[in-house]
Amino acid sequence: MRPDLELTSVPVWALNPTRPGADLSGRAWTIIAFGPHGADIAQTWIDQIASVHGESAVRLHRCDDGTQCDDGTASAIEALTADLVDARVGWRLMMAGPADACLRLRGAAGALGVADDEMTVASTDDDARTVHCVHCGAVTRAQVQLDQVLPCSSCARKLLVYHHVSRRAGTYLGFMVDAEQPAEVPS
Amino acid sequence: MNTLKLVVTAIDDTVGGIRTLTLADPDGNPLPSFTPGSHIVVECGGKANAYSLTGDGNSPTAYVISVLRCADGSGGSRWIHDELALGDTVAAGPARSAFAPVLRARRHLLVAAGIGITPMVSHLRSAQTWGRDVHLLYIHRQGRGAYLDTVAELGQHVSIHTERAAFSAELLAALADQPFGTHLYVCGPASFIDDVTGAATRLGWPDSRIHLEHFGSEALDPGEPFTTRVASTGEEFVVDAGVSLLEELERRGFEVPSLCRRGVCGECRLAVSAGTIIHRDLYLTDADKEAGDAVMSCVSRGGADTLEVAL
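Heads up: the protein sequence lines correspond to chains A and B, in order. Sequential numbering from 0 applies to the first sequence in numbering that gives the first Met the number 0. Sequential numbering from 0 applies to the second sequence in numbering that gives the first Met the number 0.
Calculated directly from the structure, the hints in this document are not laboratory data. Each residue gets a CB set at the ideal place from its N, CA and C atoms; glycine is no exception. Hints are all accurate, no fakes.
One side of the interface only, derived from the structure: several residues of chain A facing chain B at Cβ under 10 Å:
hint, residue
1, Gly25
2, Arg26
3, Ala27
4, Leu83
5, Val84
6, Asp85
7, Ala86
8, Arg87
9, Val88
10, Trp90
11, Arg91
12, Leu111
13, Val113
14, Asp115
15, Asp116
16, Glu117
Please put together the full structure from these sequences, using the hints given.
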């Protein structure tokens, strides 16, 4: 049975592309844009902030959208960590890009002490997911939706992508879908 | 609720208008530990008032509270000042934590006015024990400063004011320049809390970094009469202006747990199954109030339609 997903750990923006306006309640901003679609949204945010506060307090970091590898989020986390060194209360993080990259960046931001109400996320697509295999611990990144099944890249178990995402790691929980079926007898 | 019987082992009236009580177990046993910033609700001459505990909370042998005499209050503080004597016994509820330090904060910025210093003393003691970075801004009226020596001993970054303008200037500068990860704690009269949180919000502080401890709500107007229905019995009646929903329910024989009766403690919360609510309490969060499914029956009231309480 599929639960009301709003009540799970899966954020709304990880299920559908979501495009919120800039958080204008802050005084300084770090904006991280993944890929060209993220950069479009970032530009809208910068314009919105400029119309109210002026542009000086915005730092924009453009990162790879991570469709090929993890490099996009790694450099995003590096930029975020550097910005936080001299950040004061009143600072906000806004990120725009694929939900998968945003989930990972959100996890890193949380570990750095950024609160939920200091983060704004715009997701440009929600096709890819990183799934954590609860059996072997490996993570598999694939184009997969919730409740679908994908093979673990390490142990090849058939993993059901469950409606739980780790706030820390940004990975979905995947467990063996056919664990209770009798094993096939090798011929 | 397991009520504590506490005996008054010391009374300190050094600071004008403020009586500090040391309360201990009659048999000398240690009292329950508490989270820094906690308060106890003390029965004082038929009233029940909440007072902050000033200790660090770790295996206390006594609870120390400071009571400001409120000449025009409901009478609880006057009873403590005028009637309570050394060796007397008072009843108090267990410590309740509603103003705890956020342990992962990079820094704790404490802002207190007047008797609002009491929970900050508890925070400062705990911060000293655990080596937390803590800053205190404290304003009090000339000659009415409680715990002045104590806070000066406890914190390296303590700033004490009696002039409003100088205090405000330092407060604004502090709010504008805190390292990311700082949490703000405010205790004082309602108007003071509004001023500080307003300034913080204008400087970009998100709600999750602002923590408040209210003394109590301002005197509330009597409100308009409204109709209430009790879901279980179907009983329907009018709550008159000047009468609280809690009082009316009690008069009709319903048992509703209650403590402070001024919208602070959260004890008299009732589930609401229908009807609009005029929220007047300090307990429910904005999200709770928006959800509209709970009412603090001691202060909040119904609207034009019938308020159905799930009793």
